[in-house]
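J.: Listed here are the chains, written in short residue letters.
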Amino acid sequence: MIEADAIAVARGGRFLVEGASVRVAAGEFVALVGPNGAGKSTLLRALAGESDCTRGAVRLHGRDVRTCAPGWLARHRAVMAQETALAFEMPVREVVRLGRLPHEAACTRAENAAAAARAMALAGVEAFADRGVSSLSGGERQRVHLARTLAQIDGVSAPLLLLDEPTASLDLAHQREVLALARRLAAGGAAVVAVVHDLFAATRTCDRIVVMDRGRIVRDGSPRLALDDRTLAGVFAVRGQWVTLDDGQDALLAH
Amino acid sequence: MRALRHALALAAALVAGAAAAADTAPGRIAVAGSGLTEIVVALGAGDRLVGVDTTSLFPDRVRRLPQLGYLRAIAAEGVLSLKPDLLLASEDAGPPAVLAQLASAGLRIVRTEDGYDPEAVVRRIGHVGAAIGREAAAGALEREIAADLASVRAAIPRADRPRVLFLLAAGSGAPLVAGRETAAAAMIDYAGGRNAIDAYRGYKPLAAESVLDAAPDLILTTDTSVRALGGMDAIRAMPAFAALVRTRAVRFADVDPVYMFGYGPRVAHAVRDLARTIRPEVPLPELPDRSWLRADR
Amino acid sequence: MTGRIEPLAFALLGASLLAALCIGPLSLPAESVGRVLARLAGLPVEVDERAMAVVSALRLPRAALAAIVGGSLGAAGAVMQGLFRNALADPGILGISGGASLGAVAAIYFGAIAWGLWAMPAAGFAGGLVAANIVARLARTNGRMPVAALLLSGIAVNAFAMAMMGILIYSSDDRQLRDITVWLLGSLSGASWQRVALVAPAVAAALAAIPFLARGLDALILGEREAANLGVRVESLKRVAIAVVAMATGAVVSVAGPIGFVGLVVPHVVRLVAGAGHRRLLPLSACAGAALLVAADTLARVIVAPAELPVGLVTAAIGAPFFALLLLREKGHLAA
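Protein chains in written order, with my numbering: chain H, 69 to 323; chain D, 6 to 302; chain X, 1176 to 1511.
No lab work stands behind these hints, which were simulated from the structure alone.
Accuracy of the hints is not assured; some may be wrong.
Straight-line alpha carbon distances no greater than 20 Å define the calculated SDA-like cross-link-like pairs of lysine to any residue that follow [said to hold, decoys possible]:
id, chain 1, residue 1, chain 2, residue 2
1, D, 88, X, 1226
2, D, 88, X, 1224
3, D, 209, X, 1350
4, D, 209, X, 1355
5, D, 88, D, 138
Please model the entire structure based on the sequences and the hints provided.
T.: What follows is the structure, given as structure tokens:
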């Protein structure tokens, strides 16, 4: 569904991402991992069509994301940034409704309101739907923006969902919920790419791990394959121990 | 659109009515222009004034009249609310859009040319007299002022005219100095002086070096400027003048600006007083004590 | 409660317009003003001729011009605050007011006002458009106009316009100087149907474009990146917004002079009451701006009657303390 073919992104003469090729199919949940400055967010921006590739191109459903209509792109992929600061105070419900912007021409008001309501339920923000965003905690705000992102892909078949550290300010229970939600969305036909720092959470919930280091994709595969001992030592400078949890899922404990 | 056409037709009708009324003397007169106000009072029609602009300060009675606002910014409905039969407006009065509105609302407006020239005052008196139906009084006033002016003018020598620099305090900024084509320059010239600044038109902020360059013999200012600048000694001590005082004999004097630059009926006396200030040594004729000099009429 | 804001705003505008028509230095009974209005609406009623002349030739065009100027400033301010994502932005931020003022002052200086009553508005409007154009060009890099660059270019163009105006003021003669000073205070004096007709096309064109900006500006509340990800063409949104504000602000400044605080305070207050969503904020700001300026101008006309105050002084006198209050309220956020 989304494919990046040997892309490079340079800023000020320096390559932030170089020779990165990655394909994500509908139904996959991919974690993008790597140390700080590895180029994860840059790659995510390139996949989202936010930034130009110096070399190579990113295609979504076969269309170049930099040349296709912004409206079409917005109806097929949604992005959740690391942090979104509102310029003016707005109630949660209206922020989530903004996610329906690309669909406003095609859907009725009632349909859009229903989509926003479903997204708020999924992200667990219904309880404070009428409160102003500035009155919320950091974690609550992050879930509001997740809800907005979910509203954007509501009703879209085979959407692409790009999440930049979606669990950064969440407590443990919500971290698990958000990743489980992403997994369910993938199971429902979405392609999900998330930048995740927590290797335990990533290995536990994702089908596939893409490891980045110094602007390059160094490993890409199933959790056990991508995060082998050599990669853990070379890229993250940690050692790891694989454990099998109660639910039968393997997960990595890094130390 | 129909409503608009109706309003215009109505305005036209009102103008026609006003033109018919112009034959009779206007009972209610509004004035924009201090010189014109003084002329109206001097012609004995002071009791017909219903409003004056803020520059009209003489004689005392006009200060108690409703104020039309600043000469260049009078208000259309404000003027109309005084129900005048006539608006006497100097060339300086404005804004043009408001005068146009007043005219289209049917108000009779008489404009006079300004011209910073004492002799123009005489012509203006005739103009005002005709407008307010006091032709005979205007004729007498014209003759008296013309005679006063002629006798003063004959006594003022035109050779070796002293250089006069006119200083005006304006707001909080540097005081302004009068250049060419100002009321002050015209008056100074007429009274036998020479305006020390010829390099620019209008008023410009005081610059120390150009003061030295202008080499004035007299620094003339206004009583209000003296107060604003903290007294004559403070003016004398200003850097621009302190240096000047060291290099040449300079005199300092102040005048009442309403009297001196009003270009009204008091103009002959103003010229005489200014001439005396500029050249104290020259004997000038005594002028008759005219009734329009009194502030309490 | 939010549902009642629109009717309230319209009621306020209606009330201020009625007050403007009924109140003036010339006291007319409300009943005779009512008759005039009925006659103007085509009803066959008896009217007092004087009331007819005053209301139809003076008060009506003046109230209409005040509403147009206030509405434009309110809406333009809301657009600028949305575009700059900052509640302290105003229509003057892009150098448009500065450019329009320079144009009008130049018209006074070069004696263009002698050509006709349209000359000053035309020069002011042209000045505003030129300024907006220069700002947009200065700010453009690689086809994009970063907001920070727009802001800085606006400051530069404003400073340049002020400097040019200073030079004109410095070299103008006594009478021009007084005219410029009076004009810079901002006033609706001399309002006529002719002036209304002069500004109406530009303002109407600008206001007609405003509904199309609303959702884009809503998305911009999330940030430029998020707006783009929601499919908003952010750069064309900026271009259209600047063009709209330049047209509306240039037109109204050119007839009324720089009238401060309406474009800053009105959208801010409306946002507090009705929320940040631009589909409501933009029309409500236009409506409230119109109501405020019509009311302020009524005050300006009668407070020192038979003279009048420049309405810019009234809006500044109301707006400045209000602005200070706003700052006090937000000091907590600013420090954070």
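J.: Now tell me, hint by hint, if it's right for this structure.
T.: Here is how each hint holds up against the structure:
| no. | hint | in the structure |
| --- | --- | --- |
| 1 | 88(D) to 1226(X) | holds (13 Å) |
| 2 | 88(D) to 1224(X) | holds (14 Å) |
| 3 | 209(D) to 1350(X) | holds (13 Å) |
| 4 | 209(D) to 1355(X) | holds (15 Å) |
| 5 | 88(D) to 138(D) | holds (18 Å) |
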